[in-house]
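Asks: Here's the letter readout for the chains.
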Amino acid sequence: MTKIIPLTIIFFLITLSACDSPPNSQDIENNSTINQIYIENKGSDTIVNLALAWAEAYQAVNPEVQISVTGGGSGTGIAALINNTVDIANASRRIKEKEIENAKANGIEPVEFIIARDAIAIIVNPNNPINELTLEQISAIYAGDINNWKEIGGEDRPIVRLSRETNSGTHVYFLEEVLRLGDNESKLLFSTDTLLLPSSEGIIKEVSQNPNTIGYDGLGYVTEEVKVIAVSQKGSKEYIFPSATTVNNGQYPIARDLYMYTNGYPQGALKIYLDWILASEAQLIVTELGFVPIIKQ
Amino acid sequence: MKKSLLAQEFLINTIIKISGYSAIFFVGIIFYFLLSQGLPALNQVDFSSLLNPRWYPIEEYYGLLPLISGSLVVTLGATMVAVPFGIGTAIFIAEVAPRWARELLKPFVEILAGLPSVVLGFLGIVALSPILRNLLNLPTGLSALAGSLLLGAIAIPTIVSVAEDALDAVPKEYRDGALALGATEWQTIWTITLPAARSGVLTASMLGIARAIGETMTVMMVTGNAPVLANSLRVFFSPVRTMTATIAAEMGEVANGSTHYHVLFLIGIVLFVISLVINITISAALFQHTKRSEKLLS
Numbered sequence: 001m002t003k004i005i006p007l008t009i010i011f012f013l014i015t016l017s018a019c020d021s022p023p024n025s026q027d028i029e030n031n032s033t034i035n036q037i038y039i040e041n042k043g044s045d046t047i048v049n050l051a052l053a054w055a056e057a058y059q060a061v062n063p064e065v066q067i068s069v070t071g072g073g074s075g076t077g078i079a080a081l082i083n084n085t086v087d088i089a090n091a092s093r094r095i096k097e098k099e100i101e102n103a104k105a106n107g108i109e110p111v112e113f114i115i116a117r118d119a120i121a122i123i124v125n126p127n128n129p130i131n132e133l134t135l136e137q138i139s140a141i142y143a144g145d146i147n148n149w150k151e152i153g154g155e156d157r158p159i160v161r162l163s164r165e166t167n168s169g170t171h172v173y174f175l176e177e178v179l180r181l182g183d184n185e186s187k188l189l190f191s192t193d194t195l196l197l198p199s200s201e202g203i204i205k206e207v208s209q210n211p212n213t214i215g216y217d218g219l220g221y222v223t224e225e226v227k228v229i230a231v232s233q234k235g236s237k238e239y240i241f242p243s244a245t246t247v248n249n250g251q252y253p254i255a256r257d258l259y260m261y262t263n264g265y266p267q268g269a270l271k272i273y274l275d276w277i278l279a280s281e282a283q284l285i286v287t288e289l290g291f292v293p294i295i296k297q
Numbered sequence: 001m002k003k004s005l006l007a008q009e010f011l012i013n014t015i016i017k018i019s020g021y022s023a024i025f026f027v028g029i030i031f032y033f034l035l036s037q038g039l040p041a042l043n044q045v046d047f048s049s050l051l052n053p054r055w056y057p058i059e060e061y062y063g064l065l066p067l068i069s070g071s072l073v074v075t076l077g078a079t080m081v082a083v084p085f086g087i088g089t090a091i092f093i094a095e096v097a098p099r100w101a102r103e104l105l106k107p108f109v110e111i112l113a114g115l116p117s118v119v120l121g122f123l124g125i126v127a128l129s130p131i132l133r134n135l136l137n138l139p140t141g142l143s144a145l146a147g148s149l150l151l152g153a154i155a156i157p158t159i160v161s162v163a164e165d166a167l168d169a170v171p172k173e174y175r176d177g178a179l180a181l182g183a184t185e186w187q188t189i190w191t192i193t194l195p196a197a198r199s200g201v202l203t204a205s206m207l208g209i210a211r212a213i214g215e216t217m218t219v220m221m222v223t224g225n226a227p228v229l230a231n232s233l234r235v236f237f238s239p240v241r242t243m244t245a246t247i248a249a250e251m252g253e254v255a256n257g258s259t260h261y262h263v264l265f266l267i268g269i270v271l272f273v274i275s276l277v278i279n280i281t282i283s284a285a286l287f288q289h290t291k292r293s294e295k296l297l298s
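The listed protein sequences correspond, in order, to chains A and B. Residue 1 is where the first sequence starts when you use the working numbering, and the numbers rise one by one after that. Residue 1 is where the second sequence starts when you use the working numbering, and the numbers rise one by one after that.
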């Protein structure tokens with residue numbers, strides 16, 4: 001009879017795993033016997049460190065709230081909001097018309113919050129003699145019209161273009177505001193040989209090793225291993241380095257708002273959390289991480 | 001007591017049968033799911049635009065050719081690395097190596113098989129790609145070549161262990177007979193042992209190739225993911241984007257039921273069909289060449 005025992009265990013495990021389904025935040029909030037509140041927060045890789053820092057600081061004061069933060073890209077976060085698997089979607093670009101339509105078709109009403117601002121730094125290898133580029137030159141490089149550094153006053157080296165994957169909000173922002181220079185009619189695309197790397201770290205790593213590369217990344221991610229380039233406004237020759245000051249006074253041309261989206265106007269714990277994010281204490285963390293706060297300190 | 005034994009026998013028989021048939025059942029379900037999710041793409045996108053040389057889904061460019069060519073280039077490269085090395089290693093372990101070396105090599109090959117692909121990918125980024133760039137004077141080391149070498153390394157353990165088993169199964173009398181007739185050790189391996197184990201060695205290569213074409217994480221990290229259509233041999237040294245990396249990188253971003261979502265499943269179908277074609281081709285080649293004597297032996 002002892003041979004039956006392992007089988008019983010297997011059946012027992014199968015039954016167990018079938019019953020095991022992850023709890024939904026709504027269910028938990030309605031259940032008065034459990035006081036834990038879960039907030040699922042997902043999306044932009046640009047925002048993920050900031051969102052994590054916020055979640056940690058908030059949980060330290062409000063232990064009854066548990067916030068889980070994951071990255072994956074703005075598109076990923078918004079898709080998750082549309083599929084109703086997260087409470088807050090982080091995005092480094094504005095939600096698209098098409099995504100709003102998709103959301104409404106699924107019964108989701110996206111509500112937008114601007115939570116911080118970010119500059120996108122143009123980066124090259126520290127050994128690259130180039131220090132400044134105009135917005136038009138950057139556009140021509142990424143469109144594939146400039147293919148050698150010597151064409152813009154550098155060494156005789158091929159240019160290797162690095163970009164984030166297409167699910168990144170930074171990618172979409174860069175396409176619209178830098179490559180197409182903000183022209184809505186433009187159909188310009190990235191040169192096909194642009195390397196699409198899956199992470200910000202991947203871009204920093206490759207730029208720090210390879211003297212041929214040019215890349216872009218949120219200012220909060222830029223490390224000492226790479227060189228940040230000064231960029232001029234469209235049609236201007238005044239080169240500006242990215243910083244909180246040059247972003248807030250509008251001098252640095254490649255800066256954008258960072259967003260959080262919720263399904264409908266937030267209620268209860270979610271509302272308290274978002275109000276906290278928009279207030280001065282949380283915005284201080286924004287400055288610490290190299291982003292630009294939305295309110296004056 | 002006898003009755004309970006019978007019942008037990010029946011129960012176990014049934015369970016084993018169910019597990020056996022479940023493989024067919026699951027493949028069927030997966031195939032049905034792929035078709036149901038992927039085929040709508042053909043309604044939503046013109047067939048001609050699937051042949052477009054550009055893949056840029058956020059602006060509705062759904063050209064599959066760069067992705068297919070990317071996968072084929074990397075897999076071909078990996079095959080050229082893995083098959084000779086894999087079979088060579090298997091021959092060494094099974095036929096040449098002294099006993100102690102064999103005892104040492106086998107676990108090492110198994111460790112190589114157990115390496116997570118993300119670790120290999122990371123090594124590729126920090127070590128292999130700068131070396132390739134400096135050595136071959138490439139614009140960037142993140143290329144099809146880097147992907148091929150790492151995929152080769154991933155496929156080698158599979159090939160070695162299966163091919164080594166096949167070589168081991170060749171009866172000792174074959175070798176003894178060849179050696180007795182005056183053949184050298186190499187002649188014995190090349191003309192007797194290897195042909196006798198051919199079906200197993202081919203299966204090993206096929207499993208290795210299938211492993212390479214389906215691998216995702218490593219290629220996503222080291223091939224640069226630029227969807228460039230292969231048009232010359234130079235493509236080996238430039239960045240490419242594979243089908244698997246495309247699905248992995250983009251599946252998370254798409255809204256359920258969108259055109260992009262269906263096209264990604266269509267890529268899954270293409271991948272499935274390519275694996276199937278590889279399988280069928282090699283099985284057919286095997287079947288054609290199987291002689292009666294080998295059938296009797298196997």
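Hints were generated in silico from the structure; no laboratory data involved. Do not rely on the hints blindly, as some may be mistaken.
Claimed, not checked - SDA-like cross-link-like pairs, simulated, lysine to any residue; straight-line CA separation at most 20 Å:
hint: 1; chain 1: A; residue 1: K187; chain 2: B; residue 2: N52
hint: 2; chain 1: A; residue 1: K234; chain 2: A; residue 2: P211
hint: 3; chain 1: A; residue 1: K104; chain 2: B; residue 2: N52
hint: 4; chain 1: A; residue 1: K98; chain 2: B; residue 2: M251
hint: 5; chain 1: A; residue 1: K205; chain 2: B; residue 2: G252
hint: 6; chain 1: A; residue 1: K205; chain 2: B; residue 2: V118
hint: 7; chain 1: A; residue 1: K205; chain 2: A; residue 2: I100
hint: 8; chain 1: A; residue 1: K96; chain 2: B; residue 2: M217
hint: 9; chain 1: A; residue 1: K96; chain 2: B; residue 2: Y61
hint: 10; chain 1: A; residue 1: K205; chain 2: B; residue 2: M217
hint: 11; chain 1: A; residue 1: K96; chain 2: B; residue 2: G252
To be verified - Chain A stretches covered by chain B per the calculated footprint, using a threshold of three residues with CB under 8 Å from any CB of chain B:
hint: 12; segment: 141-149
hint: 13; segment: 189-202
hint: 14; segment: 205-219
hint: 15; segment: 241-254
Since this is a predicted model, take the numbers as computed values, not measurements. Note that beta-carbon positions come from the ideal geometry of N, C-alpha and C, so glycine has one too.
Asks: Next step is simple, just say for each hint if it's right about the structure.
Replies: Evaluation of the provided hints:
1. K187/A to N52/B: Holds. K187/A to N52/B sits at ~16 Å (cutoff 20 Å).
2. K234/A to P211/A: violated (26 Å)
3. K104/A to N52/B: Distance ~32 Å between K104/A and N52/B Cα, so the pair is violated.
4. K98/A to M251/B: This hinted pair holds, its Cα atoms lying about 17 Å apart.
5. K205/A to G252/B: Not OK: K205/A and G252/B at ~24 Å, beyond 20 Å, violated.
6. K205/A to V118/B: holds (16 Å)
7. K205/A to I100/A: Not satisfied, since the Cα-Cα distance of roughly 35 Å exceeds 20 Å.
8. K96/A to M217/B: Given pair K96/A, M217/B is violated - Cα atoms ~29 Å apart, limit 20 Å.
9. K96/A to Y61/B: holds (18 Å)
10. K205/A to M217/B: holds (17 Å)
11. K96/A to G252/B: OK: K96/A and G252/B at ~17 Å, within 20 Å.
12. 141-149: n = 0 at 8 Å, threshold three: violated.
13. 189-202: holds (count 10)
14. 205-219: Result for this restraint: holds, n = 6.
15. 241-254: violated (count 0)
When each numbered hint is compared with the structure, violations occur for hints 2, 3, 5, 7, 8, 12 and 15.
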